[in-house]
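Visitor: The residues making up each chain are set out below.
6 protein chains.
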Amino acid sequence: MPYVNVKITPENATPENKAKLISGVTNLLVDVLGKNPASTVVVIDVVETEDWGLGGLPVEEFRKKRSSA
Amino acid sequence: MPYVNVKITPENATPENKAKLISGVTNLLVDVLGKNPASTVVVIDVVETEDWGLGGLPVEEFRKKRSSA
Amino acid sequence: MPYVNVKITPENATPENKAKLISGVTNLLVDVLGKNPASTVVVIDVVETEDWGLGGLPVEEFRKKRSSA
Amino acid sequence: MPYVNVKITPENATPENKAKLISGVTNLLVDVLGKNPASTVVVIDVVETEDWGLGGLPVEEFRKKRSSA
Amino acid sequence: MPYVNVKITPENATPENKAKLISGVTNLLVDVLGKNPASTVVVIDVVETEDWGLGGLPVEEFRKKRSSA
Amino acid sequence: MPYVNVKITPENATPENKAKLISGVTNLLVDVLGKNPASTVVVIDVVETEDWGLGGLPVEEFRKKRSSA
Numbered sequence: 001m002p003y004v005n006v007k008i009t010p011e012n013a014t015p016e017n018k019a020k021l022i023s024g025v026t027n028l029l030v031d032v033l034g035k036n037p038a039s040t041v042v043v044i045d046v047v048e049t050e051d052w053g054l055g056g057l058p059v060e061e062f063r064k065k066r067s068s069a
Numbered sequence: 001m002p003y004v005n006v007k008i009t010p011e012n013a014t015p016e017n018k019a020k021l022i023s024g025v026t027n028l029l030v031d032v033l034g035k036n037p038a039s040t041v042v043v044i045d046v047v048e049t050e051d052w053g054l055g056g057l058p059v060e061e062f063r064k065k066r067s068s069a
Numbered sequence: 001m002p003y004v005n006v007k008i009t010p011e012n013a014t015p016e017n018k019a020k021l022i023s024g025v026t027n028l029l030v031d032v033l034g035k036n037p038a039s040t041v042v043v044i045d046v047v048e049t050e051d052w053g054l055g056g057l058p059v060e061e062f063r064k065k066r067s068s069a
Numbered sequence: 001m002p003y004v005n006v007k008i009t010p011e012n013a014t015p016e017n018k019a020k021l022i023s024g025v026t027n028l029l030v031d032v033l034g035k036n037p038a039s040t041v042v043v044i045d046v047v048e049t050e051d052w053g054l055g056g057l058p059v060e061e062f063r064k065k066r067s068s069a
Numbered sequence: 001m002p003y004v005n006v007k008i009t010p011e012n013a014t015p016e017n018k019a020k021l022i023s024g025v026t027n028l029l030v031d032v033l034g035k036n037p038a039s040t041v042v043v044i045d046v047v048e049t050e051d052w053g054l055g056g057l058p059v060e061e062f063r064k065k066r067s068s069a
Numbered sequence: 001m002p003y004v005n006v007k008i009t010p011e012n013a014t015p016e017n018k019a020k021l022i023s024g025v026t027n028l029l030v031d032v033l034g035k036n037p038a039s040t041v042v043v044i045d046v047v048e049t050e051d052w053g054l055g056g057l058p059v060e061e062f063r064k065k066r067s068s069a
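Chains as they are written, first to last, in this note's numbering: chain A, 1 to 69; chain B, 1 to 69; chain C, 1 to 69; chain D, 1 to 69; chain E, 1 to 69; chain F, 1 to 69.
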């Protein structure tokens, strides 16, 4: 019965990897809390990098700045 | 003044049906809680099926597995 | 299979009214989109008025200001 | 370490303005709460107008109705 | 840099189990997507059973009905 | 008409500081995007430190580990 929302930027967000996230999160909730997998909902949001901010910057700029530091 | 977020997969998510969800949810909050419709916000997220997990599987696979059981 | 999150301030948020919101939202999704009620999840968040802002003010102050206008 | 989610309709949601929102929200959390900008996450969701309801109507219709009132 | 929100009802939601969820989700994102754990944020919301609806009912009633079926 | 959700841990989360966050976020949306403050909603969630994970650890442990590094 849990609900899990995963927000990630698009790198490596293939259907295969999304399926791994869904099964991995569901198994974790079964193992740790004894939840019923049949009513465990996982929603993945792929967020464009211009919509993701870190350190006060869009994440692409944050990465450039950090790697050039 | 309430805020409601509705997450659904794309089946039947036409503009007409979205408008029905918006009016239906708003009327419900007015009727049950006496809320002011003018400040009731409804946000609908249409989530692709590869991004929705149920029973540890992407929902398309979950449906196939269930219907073949 | 939908997921609905309802955020409201505490006025009238009794268990009875919450149950009405849960059944009302679920019925709406069944009627408008043909969703399966058994996998429709509704989560209600009761948000304290000091944590809810409208018009740039905590909602209690917003209400006072409006009613005295 | 805060997490901020900003949901807006598409008007004026250019990359430049999104960058201003990200820096503005981050600076606010630094100034008011003393948060560390390096672990402050901001996620912006641009929501299509047919998916945004206000006053029981999709927001485009709400605006038309109000401007014609 | 991912953000994960986990919503659960209170059963077994001890600090120890929450710590296991946090480490498990973070490891999963590192393993599947190569994310940086230092900027992976996990927020757990414990939701009271009267605020969680399933099958059109508050979840306590849903469980009673199912177990008596 | 925007909706903003701010999630923070409890340090310094006084009513006065929450009011500053509400006005600051609202002003930012007015200044950057020309939004109407009267329909700008801000919801603040104060999240207990045991419910907030960073670097794979509950945030209290993450802070201890970092400060002793």
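If you are wondering where the hints come from, they were derived from the structure by calculation, not from laboratory data.
Everything numeric in this text was worked out from a predicted model, so none of it was measured.
Misleading hints may appear alongside valid ones.
Since copy identity is lost for identical chains, a pair holds within one copy or between any two.
[Stated by the list, open to error] Here are the simulated DSS-like cross-link-like pairs (lysine-lysine), alpha carbons at most 25 Å apart as the crow flies:
(1) K35 with K20
(2) K64 with K35
(3) K65 with K20
Visitor: So, for every hint listed, does it hold in this structure?
Guide: We went through each hint and held it up to the structure:
Taking CA atoms no more than 25 Å apart as the test, K35 paired with K20 passes in both settings, with 18 Å inside one copy and 14 Å between copies. When the C-alpha separation of K64 and K35 is checked against a cutoff of 25 Å, the pair qualifies only between copies, where the shortest distance is 16 Å, while the shortest distance within a copy is 41 Å. In this homomeric assembly, K65 and K20 come within 25 Å of each other (Cα to Cα) only across copies, at 17 Å, whereas the closest approach inside a single copy is 31 Å.
Checked against the numbered hints given earlier, the structure satisfies every one of them.
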